[in-house]
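K.L.:
All residue numbers for the sequence shown refer to the UniProt record's numbering, where the first residue is 1 and numbers rise by one.
It is worth saying that the hints were derived from the structure and are not from the lab. Please read these numbers as outputs of a predicted model, since none were measured by experiment. Be aware that one or more of the hints could be misleading.
To be verified - Derived pair list, reagent style EDC-like, types lysine to aspartate or glutamate, alpha-carbon separation capped at 16 Å:
| id | residue 1 | residue 2 |
| --- | --- | --- |
| 1 | K100 | D53 |
| 2 | K100 | D133 |
| 3 | K85 | E64 |
| 4 | K100 | D72 |
| 5 | K85 | D53 |
| 6 | K110 | D72 |
| 7 | K85 | D112 |
| 8 | K100 | E232 |
| 9 | K110 | E55 |
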Amino acid sequence: MTGEPAFFSVDRTPHGDVLTPLPTAAGNWGPNRMRGLAVSGALARAVEHAVPDSEFRPVRWTLELCRVATMDRCHADVRIIRTGKRISLVEADLLQGDTKVATARALFLKPDPDVSTADVWSQTSQLQCPPTDLSPGTEEPRLHYSDDTGWVSTPASDHNGTRKIMWVLGVRVAEDEALSAFQFAASAADVASVVGNWGTAGMQFINADVTLALARLPQGLEIGLAATDRVETDGISTSTVTVFDRSGTLGTAVVCALANVHASVDPRMR
Numbered sequence: 001m002t003g004e005p006a007f008f009s010v011d012r013t014p015h016g017d018v019l020t021p022l023p024t025a026a027g028n029w030g031p032n033r034m035r036g037l038a039v040s041g042a043l044a045r046a047v048e049h050a051v052p053d054s055e056f057r058p059v060r061w062t063l064e065l066c067r068v069a070t071m072d073r074c075h076a077d078v079r080i081i082r083t084g085k086r087i088s089l090v091e092a093d094l095l096q097g098d099t100k101v102a103t104a105r106a107l108f109l110k111p112d113p114d115v116s117t118a119d120v121w122s123q124t125s126q127l128q129c130p131p132t133d134l135s136p137g138t139e140e141p142r143l144h145y146s147d148d149t150g151w152v153s154t155p156a157s158d159h160n161g162t163r164k165i166m167w168v169l170g171v172r173v174a175e176d177e178a179l180s181a182f183q184f185a186a187s188a189a190d191v192a193s194v195v196g197n198w199g200t201a202g203m204q205f206i207n208a209d210v211t212l213a214l215a216r217l218p219q220g221l222e223i224g225l226a227a228t229d230r231v232e233t234d235g236i237s238t239s240t241v242t243v244f245d246r247s248g249t250l251g252t253a254v255v256c257a258l259a260n261v262h263a264s265v266d267p268r269m270r
């Protein structure tokens with residue numbers, strides 16, 4: 001497993017795990033900056049390990065990006081806010097030294113596969129998944145979709161203002177651990193900001209948070225994210241993204257972002 005990419009190496013100490021960022025965790029916003037996928041994945045890993053009942057299913061993941069996370073060692077501080085027979089609420093901070101760089105809250109519910117409910121409206125159209133034999137053409141483990149070309153291995157050569165859909169493949173959080181479905185979904189949710197805010201000048205918005213709501217976990221370590229709505233006023237944007245896999249829709253992600261036009265990012269570059 002050590003040959004596969006991962007965001008962190010792990011030093012297991014008596015006081016908890018210490019994570020050291022690997023090159024895969026580096027972001028594009030500036031030197032020595034950690035990418036949101038790694039931040040979200042680190043906290044999801046910590047939260048998942050703290051859940052008292054393995055039968056609980058994660059249904060909401062909210063990540064707040066408090067400060068710039070650097071490519072320095074970090075650790076998570078986890079708190080169980082509430083736990084009961086059908087619900088568990090867990091909160092975690094990501095710390096670098098004494099500085100809190102991110103905080104997250106996860107809601108877990110216990111599913112009941114035998115429950116029978118009445119009909120309620122839901123979207124019936126299915127989003128198109130990429131061919132199973134199509135592989136990413138860059139270092140980023142992603143595929144790209146447009147109405148003109150369908151699914152392709154690399155992003156368009158020019159920036160554009162069309163709707164964005166991406167297919168994301170899993171990157172392990174810790175280099176010596178298997179990636180769980182929840183860690184993958186929570187980490188990949190940060191891509192919702194790219195899907196929602198990539199326009200004719202690249203990425204001019206930097207997200208302050210992401211909230212992921214799930215009816216189920218992905219079946220396999222690959223998911224799609226499709227922009228469904230976006231509102232922008234006075235340099236503030238909110239984007240709503242549908243999350244899906246080859247079996248259908250999983251849930252939605254919502255991202256709030258601020259304009260950052262003086263330090264735009266080209267999502268085509270790694």
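K.L.:
Do the alpha carbons of K100 and D72 lie within 16 Å of each other, as the hint requires?
P.N.:
holds, 13 Å
K.L.:
Given the hint that K110 pairs with D72, test it: the Cα-Cα distance must not exceed 16 Å.
P.N.:
Violated, because 36 Å separates the two Cα atoms, which is more than 16 Å.
K.L.:
Next pair to validate is K100 with D133; report whether the Cα-Cα distance is within 16 Å.
P.N.:
violated, 41 Å
K.L.:
Compare the distance between the alpha carbons of K85 and D53 with 16 Å, and conclude whether the hinted pair is satisfied.
P.N.:
Roughly 9 Å between the alpha carbons, so the hint for K85 and D53 holds.
K.L.:
Between K85 and E64, is the straight-line Cα distance small enough, at 16 Å or below?
P.N.:
violated, 27 Å
K.L.:
Between K100 and E232, is the straight-line Cα distance small enough, at 16 Å or below?
P.N.:
Distance of about 29 Å is beyond 16 Å: violated.
K.L.:
Given the proposed pairing of K110 with E55, does the C-alpha separation stay at or below 16 Å?
P.N.:
Holds - the C-alpha atoms of E55 and K110 are around 6 Å apart, at most 16 Å.
K.L.:
Would you check the hint for K100 and D53, treating anything up to 16 Å between C-alpha atoms as holding?
P.N.:
violated, 27 Å
K.L.:
For the pair supplied as a hint, K85 and D112, confirm whether the alpha-carbon distance does not exceed 16 Å.
P.N.:
holds, 12 Å
Figure legend: structure checked against the earlier numbered hints; hints not met, in rising order: 1, 2, 3, 6 and 8.
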